[in-house]
Amino acid sequence: MISSELVDLSRLQFAMVALFHFLFVPLTLGMTFLLVIMESTYVVTGKQIYKDMTQFWGKLFGINFALGVTTGITMEFQFGTNWAYYSHYVGDIFGAPLAIEGLMAFFLESTFIGLFFFGWDKLSKVKHLMITMLVALGSNLSALWILVANGWMNNPTGADFSYITMRMEMTSFWDVLFNPQAQAKFVHTVSAGYVTGSAFVLGISSWYLLKGRDIEFAKRSFRIAAAFGLASALSVIVLGDESGYTVGENQQTKLAAIEAMWHTEPAPASFNLIAGINEAKQENDWAIQIPYVMGLIGTRSTTETIPGIHEIKAHNYQRILSGEIAAKDLAILRANPHDTSVLGEFNAHKADLGFGLLLKKYTDDVTKATPEMVQKATDDTVPAVTPMFWTFRIMVAVGFALLLMFALALYASVRNDFMQKPWLLKWAVWFIPVPWIAIEFGWFVAEYGRQPWTIFGVLPTYLSASSLSSASVIGSIFGFFALYTGLFIVEMYLMLKFSRQGPSSLHTGRYHGETAHVGGGAMPTHAPADKI
Amino acid sequence: MLDYTALKLIWWLFVGVLLIGFAIMDGHDMGVGTLLPFVGKNDNERRVVLNTVGPHWDGNQVWFITGGGAIFAAWPLVYATAFSGFYWAMMAVLWALFFRPVGFDYRSKIDNAQWRNTWDWGLFIGGFVPPLIFGVAFGNLLQGVPFHFDNDLRSFYTGSFWQLLNPFALLTGLVSTTMITAHGANFLLIRTEGDVYKRSRTASMIFSAVSLALFALAGLWVMKGINGFVLTGGDLPDALPNPLDKTVVMQAGAWMHNYSAYPLTMLVPAAAFVGGLLSLVFAMGNKPVMAFIASSVNMLGVIGTAGVSMFPFVMPSSTDPRSSMTVWDSVSSHTTLELMFFATLIFLPIVIFYTSWAYKVMSGKVTLEFVKRNDHSAY
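Residue numbers (the working numbering), protein chains in the order written: chain A, 13 to 544; chain B, -6 to 372.
Only chain A is shown next, with the shape it has when bound in the complex:
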């Protein structure tokens, strides 16, 4: 029997390396597009300052990108090293988008990022801009493919189980690709990345403005970030709601946990703004509710009901009983593939096989499961409500605070009075790290919310881990922790150093502190055009 300790350690390691990787990815996604906007402006207007902006923000982008690449390699290793049974069981489907991601997106992004940094003197303006665009396209395509893979984990369409190969096999690539969950996740995630990039540029530009240095450079950066940030923040919220839309049972389970909805309410259900959750009694002690809102968000109708946790569990109880039969038949078929006497029964219950496998946490021989075990497995099918409820609310609150900030920043940009609003500039500086809170909590809601499954309804997390010793995984957790801590310190050091230096780090002689006679704000637009 697999040890629960090993599974928990494997989950801890995955959460650790994925959350760490996800510190760098969103900024990459956002910065590449901001660089495209800045460089396009340079190519259209021919103004040197926009080239300087592209190069300076590109420098900060590069510091971040290096760790994105470093921590990204880990992710590809993780499935094989620590989730070997998962890799075998669903590799037929899950591996394909990952391989295509490499072929279509990583090559594009990584080949052209070299030319982005090294090609300024070797390429024409327009060609260099094309390169920058291809980097942005590459990084966004990579997000698409990994989210196609992740969307399939939540809503495993286009696949079927084979008892001969003992795994899930792809039946329709188009169903996997055009999985509605994958599409919604993609837009929501990349938009969150754009928000992160915009808040980063907006905040650092605001800091220069507060210091009264590099004014022209900072003002232009501020405006671009404000406009792009507002559009992106709207996209995250509108299309985040889209991913809350109830597609499939998995989303319904997540939704019920996120909203602490213990019982199915008459439609349209009300929304728990905040609540006192009582996990032991499986109910809320109190709640501040807004009538109708949940029903409208969740079903886009006034008549459809949203299932509550108790109703979901009652349904899952039946599926586990049915899955028990499938698991029993599967054992017979595995022992003798030619014994087709149980095949009819197996096929009738195959859709619930995953639910039967949930019992493996409590007994090796599923046919010997007691009613208590079935009840325990049923309780497992809904993730803990409290962490889901609160992380989701923090994510949403942060999202709205960012939306407000970008709206005010854009308004001030249009009126051109943000220099007179130090409170807004300070807000932007303090909010540089804030998008990451929403992003990491968003990851938590999505991944913790899928528990107890790695593949919803198909493969329990408990069965997915590699057959390793706990000591091995503890060892690697320490290794990752030490290396990642070291790398993070180095990255932050460089990021802060170059942010403080500002555009003077380009050594063009046009910026703050570089020439004695030009004080606080240089006038780069009057500076002689560079050789290009």
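For the record, the hints were derived by calculation from the structure and aren't laboratory data.
Treat the hints loosely; a few may be bogus.
SDA-like, lysine to any residue: derived pairs with alpha carbons at most 20 angstroms apart [stated by the list, open to error]:
| # | chain 1 | residue 1 | chain 2 | residue 2 |
| --- | --- | --- | --- | --- |
| 1 | A | K137 | B | Y352 |
| 2 | B | K217 | B | A232 |
| 3 | A | K134 | B | Y352 |
| 4 | A | K139 | B | I345 |
| 5 | A | K139 | B | M355 |
| 6 | A | K509 | B | N105 |
| 7 | A | K139 | B | Y352 |
| 8 | A | K134 | A | V48 |
| 9 | B | K239 | A | I176 |
| 10 | A | K372 | B | F149 |
| 11 | B | K358 | B | N37 |
| 12 | B | K34 | B | D104 |
| 13 | A | K139 | B | Y347 |
| 14 | A | K223 | A | F443 |
| 15 | B | K102 | A | R512 |
| 16 | A | K340 | B | D145 |
| 17 | A | K223 | A | S517 |
| 18 | A | K134 | B | F363 |
| 19 | B | K239 | A | Y175 |
| 20 | B | K102 | B | F363 |
| 21 | A | K362 | A | E181 |
| 22 | A | K134 | B | K34 |
| 23 | B | K34 | B | A106 |
| 24 | A | K134 | B | T348 |
| 25 | A | K388 | A | L333 |
| 26 | B | K102 | A | W132 |
| 27 | A | K433 | A | I449 |
| 28 | A | K388 | A | S15 |
| 29 | B | K239 | A | N348 |
| 30 | B | K365 | B | N105 |
| 31 | B | K365 | A | G131 |
| 32 | A | K134 | B | Y347 |
| 33 | A | K134 | B | D145 |
| 34 | A | K373 | B | D145 |
| 35 | A | K137 | B | V354 |
| 36 | A | K223 | A | M431 |
| 37 | B | K102 | A | I501 |
| 38 | B | K102 | A | G498 |
| 39 | A | K372 | B | D145 |
With chain A's structure known, arrange chain B on it following the hints.
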């Protein structure tokens, strides 16, 4: 729909192509990383060395990532069993690779000798360790790996990390390291001049010669001292993949069977020898591009030799031969193999096209003047 057996064969070839592509592309910048502290005697020389691969290392690394992804998609059971079985070896590769992106990108951002020297050794580790461990891994594949499947196809590795480091595997590890280093040296011949060029030329000749000798030694060892594996029943090429549905025996000299059965396959090890020899000759004769092509052929031959010797085995099991994985029984479904076949057929030529273009744009020697002039923008 393409024939399942044909697709299984094609995917064996494709994995080979991706591994060889990795060796040629990522291999040359790993070789450059290995040589960095030795062919660059001062900071400016080291910056010359770094900037030869500066625009390309990241794209090259994708050969590795895509190779891993393709094995996941086409041979999921191999990916699962090898990565989890070789757990600590994989962690060592991974952690060594950590030093590359940050080493390249951060090293020259701070003007401090100790900082730069530290990252230089980081790049050395990132260039030296992965090829060594891949070579060790191949050595273990050739000897069989202690693992088995249970009835649900869950894999169990029953060996230890230290037993991976046995004498034969260390020998194949050195074959891999030396060929990659020679290849990296040949790339430096193309892109440098002066002292760095001279030192790289010496390195290229030494490592080519050593690599050839070690490869020959490993070949003799495989012939005389190692048990190969023979398929004795089951495992029909067109059947649904099930590794437990076959019988396998271990037999001395079995890894030579393919060469006697299909003599044309002897061209593969021949390519390794000819390529290695020509690399030596061209480096001596100051023909950098030809030397680079020759070392590429050498690596094609070396990797191909391992593949051809073991065919149809991919990862044989020394403790439970029946669990051995072959190109017939550890692959993805017909649908996925076909999908990935077309995806590779479409995208790989595109990738090769724009990679070539990127190299063309950045072609020419990296000089001391260049690195001094681009103090703040280049590596």
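Verification of the supplied hints:
A hinted pair counts as satisfied when its Cα atoms are at most 20 angstroms apart, and K137/A with Y352/B qualifies at roughly 19 angstroms. A threshold of 20 angstroms between alpha carbons decides the hint, and for K217/B with A232/B the separation of about 34 angstroms lies outside it, so the pair is violated. For the given pair, K134/A sits about 12 angstroms from Y352/B by alpha-carbon distance, which is consistent with the 20 angstroms threshold. For the hint pairing K139/A with I345/B, the CA-to-CA distance comes to about 19 angstroms; that is within 20 angstroms, so the pair holds.
Proposed proximity of K139/A and M355/B is supported: the alpha carbons are some 14 angstroms apart, at most 20 angstroms. Distance hint between K509/A and N105/B is fulfilled; the C-alpha atoms sit about 14 angstroms from each other, no more than 20 angstroms. At most 20 angstroms may separate the alpha-carbon atoms for a hinted pair to count; K139/A and Y352/B meet this at roughly 15 angstroms. For the hint linking K134/A to V48/A, the alpha-carbon distance of about 19 angstroms falls within 20 angstroms, and the restraint holds.
Restraint check: the Cα-Cα separation between K239/B and I176/A comes to about 14 angstroms, which is no more than 20 angstroms; the hinted pair holds. Between K372/A and F149/B the alpha-carbon distance is near 18 angstroms, which keeps this suggested pair within the 20 angstroms criterion. Simply put, K358/B and N37/B have alpha-carbon atoms about 14 angstroms apart, close enough for the 20 angstroms limit, and the pair holds. Taking the CA atoms of K34/B and D104/B, the gap is near 17 angstroms; set against the 20 angstroms cutoff, the hint holds.
Restraint check for K139/A and Y347/B: the C-alpha separation of about 13 angstroms stays at or below 20 angstroms, so the hint holds. Proposed proximity of K223/A and F443/A is supported: the alpha carbons are some 17 angstroms apart, at most 20 angstroms. For the proposed pair K102/B and R512/A, the alpha carbon gap of about 14 angstroms is at most 20 angstroms, so the pair holds. Among the hinted pairs, K340/A with D145/B is consistent with the structure: their alpha-carbon atoms are about 13 angstroms apart, no more than 20 angstroms.
For the given pair, K223/A sits about 17 angstroms from S517/A by alpha-carbon distance, which is consistent with the 20 angstroms threshold. A threshold of 20 angstroms between alpha carbons decides the hint, and for K134/A with F363/B the separation of about 13 angstroms falls inside it, so the pair holds. Under the criterion of a C-alpha separation no larger than 20 angstroms, the hint pairing K239/B with Y175/A is consistent with the structure, at around 17 angstroms. Restraint check for K102/B and F363/B: satisfied, since their Cα atoms lie roughly 16 angstroms apart, inside the 20 angstroms limit.
Only pairs whose Cα atoms come within 20 angstroms are accepted, and K362/A paired with E181/A is accepted, the gap being roughly 14 angstroms. Between K134/A and K34/B, the direct Cα distance comes to roughly 28 angstroms. Violation of the 20 angstroms bound is thereby established for this hinted pair. A threshold of 20 angstroms between alpha carbons decides the hint, and for K34/B with A106/B the separation of about 13 angstroms falls inside it, so the pair holds. As the CA atoms of K134/A and T348/B are separated by approximately 16 angstroms, the hinted pair is consistent with the 20 angstroms bound.
For the hint linking K388/A to L333/A, the alpha-carbon distance of about 13 angstroms falls within 20 angstroms, and the restraint holds. Under the criterion of a C-alpha separation no larger than 20 angstroms, the hint pairing K102/B with W132/A is consistent with the structure, at around 18 angstroms. Taking the CA atoms of K433/A and I449/A, the gap is near 26 angstroms; set against the 20 angstroms cutoff, the hint is violated. Between K388/A and S15/A, the direct Cα distance comes to roughly 17 angstroms. Compliance with the 20 angstroms bound is thereby established for this hinted pair.
Between the alpha carbons of K239/B and N348/A the distance comes to roughly 14 angstroms, so the proposed pair stays at or under 20 angstroms and holds. With a C-alpha separation of about 16 angstroms, the suggested pairing of K365/B with N105/B holds against the 20 angstroms cut-off. Distance hint between K365/B and G131/A is fulfilled; the C-alpha atoms sit about 17 angstroms from each other, no more than 20 angstroms. Between the alpha carbons of K134/A and Y347/B the distance comes to roughly 16 angstroms, so the proposed pair stays at or under 20 angstroms and holds.
The hinted pair formed by K134/A and D145/B fails the criterion: a straight-line CA distance of about 57 angstroms is larger than 20 angstroms. About 16 angstroms separates the Cα atoms of K373/A and D145/B, which keeps this hinted pair within 20 angstroms; it holds. Using a Cα cut-off of 20 angstroms, the hinted pair K137/A and V354/B holds, with the two alpha carbons roughly 14 angstroms apart. At most 20 angstroms may separate the alpha-carbon atoms for a hinted pair to count; K223/A and M431/A meet this at roughly 11 angstroms.
Annotation: proposed proximity of K102/B to I501/A holds, straight-line Cα distance about 15 angstroms (limit 20 angstroms). For a cut-off of 20 angstroms, the pair hint linking K102/B to G498/A stands: about 17 angstroms separates their Cα positions. A distance of roughly 13 angstroms separates the Cα atoms of K372/A and D145/B; the hinted pair therefore holds under the 20 angstroms criterion.
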